[in-house]
Amino acid sequence: MTTFLFWNTNKKPVEEAIAALVEMHMVDVLILAESSARPVELLERLNQLGKQGFHLTFGLSKGIIVFTGFSSQLVHPVYETDRISIRRLALPARLEILLALVHFPSKLFWSEDSQAFECTELARQIRIQEDEAGHNRTVLVGDLNMNPFESGLVSAAGLNAVMTRDLAGRRFRTVQSKQYPFFYNPMWNHFGDRHDGPPGTYYYERSEHVCHFWNIFDQVLFRPDLVNRCPSDGVRILTRAGDRSLLSEDGTPNTRLASDHLPLLFELDL
Amino acid sequence: MPNGNEDLWPADVETSTIVPPLAILRRQAAALGERTQGLLEGQVETFTKGDEFTQVFYVVAPSLDYRYKLFEVRHGVEGYPVYTTTEGRRPVFPRFGTGPAPLKLDTPDEFVDWLKQVLNSDETKRVIGSLLSQVKA
Numbered sequence: 001m002t003t004f005l006f007w008n009t010n011k012k013p014v015e016e017a018i019a020a021l022v023e024m025h026m027v028d029v030l031i032l033a034e035s036s037a038r039p040v041e042l043l044e045r046l047n048q049l050g051k052q053g054f055h056l057t058f059g060l061s062k063g064i065i066v067f068t069g070f071s072s073q074l075v076h077p078v079y080e081t082d083r084i085s086i087r088r089l090a091l092p093a094r095l096e097i098l099l100a101l102v103h104f105p106s107k108l109f110w111s112e113d114s115q116a117f118e119c120t121e122l123a124r125q126i127r128i129q130e131d132e133a134g135h136n137r138t139v140l141v142g143d144l145n146m147n148p149f150e151s152g153l154v155s156a157a158g159l160n161a162v163m164t165r166d167l168a169g170r171r172f173r174t175v176q177s178k179q180y181p182f183f184y185n186p187m188w189n190h191f192g193d194r195h196d197g198p199p200g201t202y203y204y205e206r207s208e209h210v211c212h213f214w215n216i217f218d219q220v221l222f223r224p225d226l227v228n229r230c231p232s233d234g235v236r237i238l239t240r241a242g243d244r245s246l247l248s249e250d251g252t253p254n255t256r257l258a259s260d261h262l263p264l265l266f267e268l269d270l
Numbered sequence: 271m272p273n274g275n276e277d278l279w280p281a282d283v284e285t286s287t288i289v290p291p292l293a294i295l296r297r298q299a300a301a302l303g304e305r306t307q308g309l310l311e312g313q314v315e316t317f318t319k320g321d322e323f324t325q326v327f328y329v330v331a332p333s334l335d336y337r338y339k340l341f342e343v344r345h346g347v348e349g350y351p352v353y354t355t356t357e358g359r360r361p362v363f364p365r366f367g368t369g370p371a372p373l374k375l376d377t378p379d380e381f382v383d384w385l386k387q388v389l390n391s392d393e394t395k396r397v398i399g400s401l402l403s404q405v406k407a
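Listed in order, the protein sequences are those of chains A and B.
Residues in the first sequence are numbered from 1 upward in steps of one, following my numbering.
Residues in the second sequence are numbered from 271 upward in steps of one, following my numbering.
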């Protein structure tokens, strides 16, 4: 299994929590958004863990940093903007995949319509890179600043991300004679309180008519070709970093000690 | 008596003398290739939606098989005004959204001035510098 960790750290000084998470879950690919850590210092800290040599990978997206437990040459960026980084991950004797890393603008600054349009552009760029790579094995991960049920995520021309493996297994759907490939969005499984994990990755409470309280802005999506390579329990929202809880006493993210987003862990059998 | 077969177009129909945004962007795309001896290239892609044109400017490192989207601008059929944002990121037409206030550039001169600022910005220098280092490594 290859283990990936994504965390929007909200510019908080959480280097020790990151190191604890990497050690605890034996992370192979660490993806950070809004990190305030100096990359070289964090790299030194990760390499003090001693289990594997970590590497800082090349990339120009300002808000996204990637560390790997293997040669950085194996994660090659092919397309980037200031908020998107699409990379080819080609580990020896494993399936090559595309990693689309995203940190979209906050709802404080963009309307839902604008976010949806951005998803359309992202989906287009992913299809271009899939054509160039010659496969459709894409994993999209990041802070989308949208919930799984919002237009940008579910619309055909957007990310076309559906809530079950069966639906994704149909591979694509046709709208107005045009085919749109599916993503599987396992984050739907993480809403509510029927499971052990937290009800979302981001908590937001305001005195207005529509308020979801818990949101799942941090998401991982898989193309159908990768769905069976992720175990059914292979995506987790984390609430502890070592012996330290990332939650306050009321069960919401502890924004005083850590980020307002919770980390996301997922595994893939490549 | 018109028979419907005549050429009804005006005698002086010809290309506009106003330099369109695309031509200005293509010139700078070519200039990047010249300045870096081909290590980096500029690339402009045009998308249309109805009567809106979106011009996207990329920096390409051919040897790395890599493309970075530097900025995009939008305009109508007439070419001007050009809409963008102060950061040169995704522009918002006046009728859209709640994003950053759109910057309206009414003439080629205003567009060239804005473009010069973007190409000379710290952000662009960071991208170009990092890519050149990577290409030469």
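Hints in this document: simulated from the structure, not taken from any laboratory.
One or more of the hints may lead you astray.
[Claimed, not checked] Going by beta-carbon spacing under 7 Å, a handful of chain A positions derived as facing chain B: (1) L56; (2) F58; (3) L60; (4) Y79; (5) S232; (6) D233.
Yeah, the Cβ is synthetic: ideal placement off N, Cα and C, and Gly gets one too.
* Asked: Does S232 of chain A pass the interface hint, meaning its C-beta sits closer than 7 Å to a C-beta of chain B?
  -> S232 of chain A check fails; min Cβ-Cβ to chain B is 35 Å, beyond 7 Å.
* Let me know if the C-beta of L56 of chain A comes in closer than 7 Å to any C-beta of chain B, holds or violated. => violated (13 Å)
* Given D233 of chain A as an interface hint, is the shortest Cβ-Cβ distance to chain B below 7 Å? -> violated (36 Å)
* chain B contact restraint on Y79 of chain A - CB to CB distance below 7 Å -> holds (5 Å)
* Go through the hint on L60 of chain A and say holds or violated, using the shortest Cβ distance to chain B against 7 Å. => This hint holds: L60 of chain A lies near chain B, its Cβ roughly 5 Å from the closest one there, short of 7 Å.
* Asked: Does F58 of chain A meet its interface restraint, that is, does its C-beta lie within less than 7 Å of any C-beta in chain B?
  -> Holds - the Cβ of F58 of chain A comes within 7 Å of chain B, reaching about 6 Å at its closest.
When each numbered hint is compared with the structure, violations occur for hints 1, 5 and 6.
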